[in-house]
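Residue numbers (UniProt numbering): 1 to 537.
The hints are simulated quantities; they were obtained by calculation from the structure and are not laboratory data.
Note that CB positions come from ideal geometry on N, CA and C, so glycine has one too.
Incorrect hints may have been included.
Claimed, not checked - Below, a list of computed lysine to aspartate or glutamate pairs in the EDC-like style, where the Cα atoms sit at most 16 Å apart:
(1) K535 x E385
(2) K535 x D472
(3) K439 x E393
(4) K103 x D139
(5) K535 x D450
(6) K284 x E302
(7) K439 x D450
What the hints assert, rightly or not - The following label-pair restraints were derived from C-beta to C-beta distances:
(8) A372 x R120: 22 to 28 Å
(9) R295 x L94: 44 to 50 Å
(10) V63 x S276: 46 to 52 Å
(11) L94 x T443: 35 to 41 Å
(12) A116 x Y264: 42 to 48 Å
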Amino acid sequence: MTGDDKDLERIAAGIADDAALDWRALAKLDPQSTDTGDGLRELSQLANIFRSLQLKPERAASVKAQFRFAGLDVIEKLGQGAHGEVWRAYDPMLDQEVALKLKRVDCDELSHQFLAEARRLAKVRQQNVVSVYGAAAQDGRVGLWTELVRGRSLADVLAEQGPLPAEEVAQIGIELCRGLAAVHRHGLTHGDVKAENVLREVSGRVVLADFGTARELGCGTRFEPISGTRHYLAPEMLDGEPSSAATDQYALGVLLYRLLTGQYPYAADDLDAMRSAELAEARKPLREARPTLSRAFARAIERALAPDPARRHAGVLAMLVAIENSQRPHRLNGLHWALAAAIVAAIAAGGYALRPVAPQLNVDAAFYRDGARGRERLVDGATIELGDRLRLELSSNRRTWLYVLNDDGSIAPTVLFPLPGIQPVNPLGHGVRWQLPGKDGLTELSWQVDAEAERETFVVVASATPLAALEDGIAQWRHAATPDNALVMRGVGRLVPATPEPVRQRGSLDALLGRIGCDSAPTELRCLHFVFPHKNP
Numbered sequence: 001m002t003g004d005d006k007d008l009e010r011i012a013a014g015i016a017d018d019a020a021l022d023w024r025a026l027a028k029l030d031p032q033s034t035d036t037g038d039g040l041r042e043l044s045q046l047a048n049i050f051r052s053l054q055l056k057p058e059r060a061a062s063v064k065a066q067f068r069f070a071g072l073d074v075i076e077k078l079g080q081g082a083h084g085e086v087w088r089a090y091d092p093m094l095d096q097e098v099a100l101k102l103k104r105v106d107c108d109e110l111s112h113q114f115l116a117e118a119r120r121l122a123k124v125r126q127q128n129v130v131s132v133y134g135a136a137a138q139d140g141r142v143g144l145w146t147e148l149v150r151g152r153s154l155a156d157v158l159a160e161q162g163p164l165p166a167e168e169v170a171q172i173g174i175e176l177c178r179g180l181a182a183v184h185r186h187g188l189t190h191g192d193v194k195a196e197n198v199l200r201e202v203s204g205r206v207v208l209a210d211f212g213t214a215r216e217l218g219c220g221t222r223f224e225p226i227s228g229t230r231h232y233l234a235p236e237m238l239d240g241e242p243s244s245a246a247t248d249q250y251a252l253g254v255l256l257y258r259l260l261t262g263q264y265p266y267a268a269d270d271l272d273a274m275r276s277a278e279l280a281e282a283r284k285p286l287r288e289a290r291p292t293l294s295r296a297f298a299r300a301i302e303r304a305l306a307p308d309p310a311r312r313h314a315g316v317l318a319m320l321v322a323i324e325n326s327q328r329p330h331r332l333n334g335l336h337w338a339l340a341a342a343i344v345a346a347i348a349a350g351g352y353a354l355r356p357v358a359p360q361l362n363v364d365a366a367f368y369r370d371g372a373r374g375r376e377r378l379v380d381g382a383t384i385e386l387g388d389r390l391r392l393e394l395s396s397n398r399r400t401w402l403y404v405l406n407d408d409g410s411i412a413p414t415v416l417f418p419l420p421g422i423q424p425v426n427p428l429g430h431g432v433r434w435q436l437p438g439k440d441g442l443t444e445l446s447w448q449v450d451a452e453a454e455r456e457t458f459v460v461v462a463s464a465t466p467l468a469a470l471e472d473g474i475a476q477w478r479h480a481a482t483p484d485n486a487l488v489m490r491g492v493g494r495l496v497p498a499t500p501e502p503v504r505q506r507g508s509l510d511a512l513l514g515r516i517g518c519d520s521a522p523t524e525l526r527c528l529h530f531v532f533p534h535k536n537p
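Work the whole structure out from these sequences, hints included.
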């Protein structure tokens, strides 16, 4: 581009931006550019005419405001609940309407806490979470203003349409899992997930709104006043525990149950009766209320409703994966029939008659990140990045064959355990807290994130018996170590993984998990998913 071209480009940009222009610069251009200069002047004049004629957007400020709050013209009350009021307001700084949530506070300390949490919320940028524009405290009230979503709440949709189609509920669940995961990543809980606080925009976007009871993760105190809506409260909250990522997940499970059936899982008149019903799991199974519902989808929701937080999904991203997997078509293949035939033959021969009934396999598993300050437990939704060193801690009540896979979105997953040359090996003894991937001699090892991806999904399969079908499958996938190079991580150094073996087509991992029984949850098998997004995908 020549100097003249650059001058012309700057003038054209100034016209577009309605900037003050130095038309004398045209005199410095090549005389043959006169026509171009005249054209630019005409363009500038036309632009000014259009600007002067342009209709300004209808301003909410033209409507008489009922009162003002923190510079906002508050126009109309949209609703009122136990935790405050919601108003339609006009923000002159943004020149647009906003939704303003107001509630009273009793002391300055609560005001400061509210404003600190509002600042955190303002950093959450995710399409399924309402955008926060500002917050303020004034005259004994605190206010939070957000985008004004043009749509209806799921409570209104449910009241008008009744129970929703399963596919629609699954999509709502997936979108809300994504929204809640973003909230949890910023160290917050929503605290009041319910149909009234989820909006469906006219475009179809599902938006998590009303953060009036949001709290910082891990900063609540035991026996603080219960906040939230009764039917959505997890049992631990009824015991006085603060809201958490696990209680948000429980509330989401209640919401999805209600969208599918039109009823709450537990209908009790008071908190004590509610707690008793929840602990006893005295609810109608989803597949009794909706017989056409897939077992996998029902199980994904009912797991979120477990009274013990440890029995719920590892987090909302793990719940998202479970819902997504439940929507994939399931095909019965020859291996299922062969397995069924073998079981029938064994029973017919009396092979099971004298065998004592073994206890159900129970597994306690958690991922940790190793760092200079020690180890950090990774909650679901915790972000990871290149160079992070990860370990899995696991214990079980029975001898266990363990398989750990990493599915980062590439063609095939990576086998993380068992690894050649690394101790321990399968089977793992019960009653021991195993640290994996294990040791190379006396050296403790860990897995290291060595490639960028949107997120990492770790699949942990624990079985009371060896899984020949899975072992045959993982033999064809890349391993994090080989017999010649068994080190995954030593100190602060890392060896590059071995060259990949030939791999199967994408999707074979899901197919294998289905074939070994992960979809049917037998008592001798546990299939866990842990999902961690990358910090800078």
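| Numbers of the earlier hints that this structure fails to satisfy, in rising order | 2, 7, 11, 12
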